[in-house]
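Asker: Throw the hints in and build the complete structure from the sequences for me.
Protein chains in written order, with this note's numbering: chain A, 1 to 115; chain B, 1001 to 1111.
There could be a bad hint or two in this list.
[What the hints assert, rightly or not] Facing chain A, according to a computed beta carbon distance under 7 Å, are these residues of chain B, among others: (1) Tyr-1031; (2) Gly-1040; (3) His-1041; (4) Gly-1042; (5) Ala-1052; (6) Gly-1053; (7) Tyr-1064; (8) Phe-1090; (9) Ser-1094.
Keep in mind that the hints were calculated from the coordinates and are not lab data.
The structure displayed is predicted, hence computed values, not measured ones.
Note that CB positions come from ideal geometry on N, CA and C, so glycine has one too.
This is what each chain is made of:
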Amino acid sequence: QQQVRQSSQSLTVWEGETAILNCSYENSAFDYFPWYQQFPGEGPALLIAIRSVSDKKEDGRFTIFFNKREKNLSLHIKDSQPGDSATYFCAARPGLSGSFNKLTFGAGTRLAVCP
Amino acid sequence: EAAVTQSPRNKVTVTGGNVTLSCRQTNSHNYMYWYRQDTGHGLRLIHYSYGAGNLQIGDVPDGYKATRTTQEDFFLLLELASPSQTSLYFCASSDAAAEQFFGPGTRLTVL
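Answerer: Written out as structure tokens, the structure is:
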């Protein structure tokens, strides 16, 4: 049972376009949603995160849009650059009580930005 | 910034072999995690710990043991390795409610 689902295994955009990566989840108890970025040969690193009390989180060219009713969220990468080419993981965590900061990850979306 | 190191970076063993993967973090985090990464599955949690001597079972624990000897060191043990355990293994650490910092990974091949 995949509790966090990323709709695309891969995505290709042209430099300057907005890349949109989609994610959905099943567990209503999830209330924290980080996105991790992973370059080849490296471990994942936190890119941006949102809590379920918000519907939008922006950090530079990266924005998360969150829809609690529909249980989905998306990561928008504005003005995509070739250096953004990486694998992006959507993750989720329940409220902290009893969860030990345990994250559930999606399968990842490999983004390629063509110059 | 937290520093998480893993060793070895690459390991090849045979079916039935005994393997230990090591992880060390130097930022005094209480929580440490072991994940495996496989195409189509993302990162799946094997075991985790919230302090020396503590162990918690993750989502895919079968065939794996773990031991947290100190706050800094977390080990993953495969006592009878099988080809299905061929994977990329990541260790991570965090404070209770904060970002998880990942190590560079260990690529394990079981022939």
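Asker: Indicate, hint by hint, whether the structure satisfies it.
Answerer: Hints and how they fare:
1. For the restraint placing Tyr-1031 of chain B at the interface with chain A, the shortest Cβ-Cβ distance is roughly 6 Å, inside the 7 Å limit, so the hint holds.
2. Restraint check, Gly-1040 of chain B versus chain A: the minimum CB separation of about 6 Å is within 7 Å; hint holds.
3. Interface hint status for His-1041 of chain B: upheld, as the beta-carbon distance to the closest one in chain A is roughly 6 Å, under 7 Å.
4. The closest approach between the C-beta of Gly-1042 of chain B and any C-beta of chain A is roughly 4 Å, which is under the 7 Å cut-off, so the hint is satisfied.
5. Because the closest C-beta pair between Ala-1052 of chain B and chain A is about 15 Å apart, greater than 7 Å, the hint is violated.
6. Below 7 Å, beta-carbon pairs count as interface contacts, and Gly-1053 of chain B has none with chain A, the closest being about 15 Å; its hint is therefore violated.
7. At about 16 Å, the closest approach between the beta carbon of Tyr-1064 of chain B and any beta carbon in chain A exceeds 7 Å, and the interface hint on this residue is violated.
8. Look at Phe-1090 of chain B: its Cβ gets to within about 5 Å of chain A, closer than 7 Å, so that hint holds up.
9. Residue-level restraint check for Ser-1094 of chain B holds (minimum Cβ-Cβ distance to chain A is 6 Å; threshold 7 Å).
The structure does not agree with the numbered hints 5, 6 and 7 stated previously, though it agrees with the rest.
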